[in-house]
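Peer 1: So the sequence lines, in the order shown, correspond to chains X and R. If you're matching positions, the first sequence starts at 1 in the numbering used here and goes up one per residue. If you're matching positions, the second sequence starts at 1 in the numbering used here and goes up one per residue.
Wrong hints could be hidden among the right ones.
Taking lysine-lysine pairs in the DSBU-like style, the calculated list, with each CA pair at most 30 Å apart, reads [stated by the list, open to error]: (1) R:K379 with X:K215; (2) R:K181 with X:K255; (3) X:K74 with X:K147; (4) X:K147 with R:K113; (5) X:K51 with X:K112; (6) X:K112 with R:K113; (7) R:K181 with R:K113; (8) X:K69 with X:K112.
Taking CB as the label site, the calculated pair distances span [said to hold, decoys possible]: (9) R:S132 with X:V259: 54 to 64 Å; (10) X:F220 with R:R250: 47 to 57 Å; (11) R:F255 with X:F220: 48 to 58 Å; (12) X:R183 with R:P318: 53 to 63 Å; (13) R:K389 with X:T25: 41 to 51 Å; (14) X:H261 with R:P318: 49 to 59 Å; (15) X:V259 with R:G130: 49 to 59 Å; (16) R:M301 with X:T15: 50 to 60 Å; (17) X:H261 with R:T296: 52 to 62 Å; (18) R:A254 with X:Q31: 50 to 60 Å; (19) R:L200 with X:S18: 46 to 56 Å; (20) X:R21 with R:A127: 22 to 32 Å.
Which chain R residues face chain X? A few, computed with CB under 10 Å, are given here [as the list claims (entries may be wrong)]: (21) K63; (22) V67; (23) G74; (24) R278; (25) A349.
The hints are simulated quantities; they were obtained by calculation from the structure and are not laboratory data. For glycine and all other residues, C-beta sits at the position ideal for the given N, C-alpha and C.
Chain by chain, the residues:
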Amino acid sequence: MTTTTKGPIEGYIVTTPSSTRDGDTVTIDAQSVYYRQVNEATRAAFADGAKHVVLNHVNGQRYIGTGIKGKDLKITVNGTPGQDMAMLMDGPTLEVFGNAQDGVGNTMNAGKVIIHGDAGDVLGYGMRGGKVFINGDVGYRVGIHMKAYEGLRPIMVAGGKARDFFGEYMAGGLLILLGMNSRLEGPLVGGYVGTGMHGGAIYLRGEVEPWQCGKEVGVFAASEDDIADIKPVLAEYCEAMGMDLDEVLSEPFTKLIPVSHRPYGKLYTYM
Amino acid sequence: MTFEPLLERMPTSRPAPMRDQSGLLGERPSYSSEADFKIHGGCGLMGICDESGTLMSGVEAIKAMAVQRDRGNGLGGGYAGYGIYPEFPDHYCFHMMYHDLKAKEDAEAVFDKYFVIDLAEPMPTRAVKGISDAPLLWRYFLQPDPHKFENAEISADDYIVHAVMLINSSVDGAFVASSGKNMGAFKGVGFPEEIGHYYLLEEYEGHTWTGHNRFPTNTPGWWGGAHPFTLLDWSIVHNGEISSYGINSRYLEAFGYKCTLGTDTEVAAYLFDLLLRRHKLPLELACKALASPLWTEIDRMPEEEAAVYRSLRAVYGPAMLNGPFAIVLGFNGGMVALNDRIKLRPLVAARQGTKIMVASEESAMREVLDAPDQVWAPKAGEPVIARVKGMEWPIHGDLHLSASEVSCAVTGAHDSCETVEVG
Chain X
1 MTTTTKGPIE GYIVTTPSST RDGDTVTIDA QSVYYRQVNE ATRAAFADGA KHVVLNHVNG
61 QRYIGTGIKG KDLKITVNGT PGQDMAMLMD GPTLEVFGNA QDGVGNTMNA GKVIIHGDAG
121 DVLGYGMRGG KVFINGDVGY RVGIHMKAYE GLRPIMVAGG KARDFFGEYM AGGLLILLGM
181 NSRLEGPLVG GYVGTGMHGG AIYLRGEVEP WQCGKEVGVF AASEDDIADI KPVLAEYCEA
241 MGMDLDEVLS EPFTKLIPVS HRPYGKLYTY M
Chain R
1 MTFEPLLERM PTSRPAPMRD QSGLLGERPS YSSEADFKIH GGCGLMGICD ESGTLMSGVE
61 AIKAMAVQRD RGNGLGGGYA GYGIYPEFPD HYCFHMMYHD LKAKEDAEAV FDKYFVIDLA
121 EPMPTRAVKG ISDAPLLWRY FLQPDPHKFE NAEISADDYI VHAVMLINSS VDGAFVASSG
181 KNMGAFKGVG FPEEIGHYYL LEEYEGHTWT GHNRFPTNTP GWWGGAHPFT LLDWSIVHNG
241 EISSYGINSR YLEAFGYKCT LGTDTEVAAY LFDLLLRRHK LPLELACKAL ASPLWTEIDR
301 MPEEEAAVYR SLRAVYGPAM LNGPFAIVLG FNGGMVALND RIKLRPLVAA RQGTKIMVAS
361 EESAMREVLD APDQVWAPKA GEPVIARVKG MEWPIHGDLH LSASEVSCAV TGAHDSCETV
421 EVG
């Protein structure tokens, strides 16, 4: 293990973190270690055959789980992971015991992120596959430009409330907001919901006022067929969060879908 | 007698470029040749205030910035601390940056002319790897010269503001980093933890600290361009870009502010001085003037409230900060953090006991607070406010006002509006 001297008031230490291995599980102490070394140690553990990496004392380290490929891999984060967690992630399950910051699941391809806390802004930006489950509240611009591609359908479920621009420019996938585990005052979701939306579907457990929605969405009461469609997703979410599916389904849902798949077609192209 | 005639006799910009006579500093371009540009911020920030007035070491601010290291790129870091000079609580403290010895001489001529200086000394610093090309850094504890001040027939604060504008606009190579009582700004080119280490922040204790990590996007990083930007004891750290800089600066010029530093954040510091100190707007209203509700939001308000906000946007349109921003305003008495109205820059807040903290990232607060009672993401355009108990609150009015109270404050009908007179 190489260690550089820590100055009296430095932040992160550039050093290989200490780790222990128990069978398929590698536990890494990320306390004050710079993100590059934490992520290098994570990748090295998987390269060495580990199936589960536990990161303890995480605080602010960026890019955790970023670019990691492999269906049967798992990362557990204890603490507060930094920006762009699970960016471009392709397969693993990443579970966070704490709050996540901004940019979770950026351009994520496959796998599952479970956050037992709140998450920040631009959550699931350009996400193209996989699932992101958040127990609590989420910030601004959540699900911005999520997209579906061939067999891939990104899914995000947030248990709390969301701020403005929920599902902005959404191009595909499924975005569900429950409003149940919230610490926020005010409405279920902010304004500009689905502004510029041209694909996918948004489900809200509750109602929205017309002013909250972008011009590009149509608002409907979710039908029985709709509920049947999202029920397996909600069941999986409830299992991950230890919630009761019947309670989740005890309130009516609102469905938002785009009125056009090319809302700006006339704006940018010759007719 | 007004202050203006005095100003006309002050030194004006001298032939450029000036060279350091001692030879110690080497060749430098003149200040003016570097400074003629607009500076945008990228950045990370923090603010912490202990509402009980308990003092905290500057190390707490450094820790919060160090964990956000990658928000900047080493081209700017800085801090403001409050309550740090208890031995000089009633003196204005000028933290100065000098390009060379001539700039120092010229600025000191201004001090000698208008102030009584009780202590002048170099800023204590230590050699730190990563910090180079520092300007000459001095600090002065001073008070207005009684005779000049009496003749000027303005408030002591306005006298200081004039002096700051005078130095920044006419003494080439001299830059006022801060000018308030019992506070100071510590800033420069480097990562914030390096800058904090350079200025020996561990030796200062304050009830309120703000910090900044710069990622200059359009212009080179330079010492004066690091945050915080200050005037009197107002200090601003800012993440974002004030796209309305042009109209804001022209508006401020009409009130005697000179935007000479070629920066966008500078206008935010002066706007708060104008709105809070001179126009005595309640805080809530000043924040709504700078981060105005959208017209569509105003249309959904109850009529009484909507009328207030329509008036506010009409009167203070040129003061509105357009563009993405998260800012922390520090001052003697507390701290206010504010986002732009659609949250285009991150801001997270936490409370632990009497401490209120804000930062660009939650991890910064987890680094400083061992067990926060509450962590939350403030809503766009709604200020997070910390107020130090027992200290004079420099802001007119209560923290949160009803629409009718705001209306009273705007119209200035004080006889029927006693609720807005607090502290």
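Peer 1: State for each hint whether it applies.
Peer 2: To see whether the hints hold, each was checked on the structure:
Under the criterion of a C-alpha separation no larger than 30 Å, the hint pairing R:K379 with X:K215 is consistent with the structure, at around 23 Å. Distance hint between R:K181 and X:K255 is unfulfilled; the C-alpha atoms sit about 57 Å from each other, more than 30 Å. Proximity of X:K74 to X:K147 is assessed by CA-CA distance (about 24 Å); at most 30 Å being required, the pair is judged to hold. For the proposed pair X:K147 and R:K113, the alpha carbon gap of about 67 Å is over 30 Å, so the pair is violated.
Between the alpha carbons of X:K51 and X:K112 the distance comes to roughly 15 Å, so the proposed pair stays at or under 30 Å and holds. Our distance criterion of 30 Å between C-alpha atoms is broken by X:K112 and R:K113, whose separation comes to about 69 Å. For the proposed pair R:K181 and R:K113, the alpha carbon gap of about 20 Å is at most 30 Å, so the pair holds. With a CA separation close to 12 Å, the supplied pair X:K69 and X:K112 stays within the 30 Å bound.
Checking the proposed 54 to 64 Å range against R:S132 and X:V259 shows it holds: the Cβ atoms sit about 59 Å from each other. Roughly 49 Å separates the CB atoms of X:F220 and R:R250, a value that falls within the hinted 47 to 57 Å. Judged by the Cβ atoms, the range 48 to 58 Å given for R:F255 and X:F220 holds: they are separated by roughly 53 Å. For X:R183 paired with R:P318, a C-beta distance near 38 Å fails the hint of 53 to 63 Å.
Take R:K389 and X:T25: their Cβ atoms lie about 49 Å apart, and the range 41 to 51 Å holds. For X:H261 paired with R:P318, a C-beta distance near 42 Å fails the hint of 49 to 59 Å. For X:V259 and R:G130, the Cβ-Cβ distance of about 55 Å falls inside the hinted range of 49 to 59 Å, so the restraint holds. The beta-carbon spacing between R:M301 and X:T15, approximately 54 Å, falls within the hinted interval of 50 to 60 Å.
Distance hint for X:H261 and R:T296: a CB-CB separation of about 26 Å, inconsistent with the stated range 52 to 62 Å. Evaluation of the 50 to 60 Å hint for R:A254 and X:Q31 yields a pass: the beta carbon distance comes to about 54 Å. At roughly 32 Å, the beta-carbon separation of R:L200 and X:S18 lies outside the given 46 to 56 Å, and the hint is violated. Against the hinted window of 22 to 32 Å, the Cβ-Cβ separation of X:R21 and R:A127 comes to about 43 Å, which falls outside the hint.
This hint holds: R:K63 has a C-beta 7 Å from the nearest C-beta of chain X, less than the 10 Å allowed. A cut of 10 Å between beta carbons decides the hint on R:V67: the least distance to chain X is about 5 Å, and the hint holds. Look at R:G74: its Cβ only gets to about 13 Å from chain X, farther than 10 Å, so that hint breaks. Checking R:R278 against chain X by beta carbon gives a least distance of about 33 Å; that is not within 10 Å, so the hint is violated.
A cut of 10 Å between beta carbons decides the hint on R:A349: the least distance to chain X is about 12 Å, and the hint is violated.
Consistency with the previously given hints fails for numbers 2, 4, 6, 12, 14, 17, 19, 20, 23, 24 and 25, ordered from lowest to highest.
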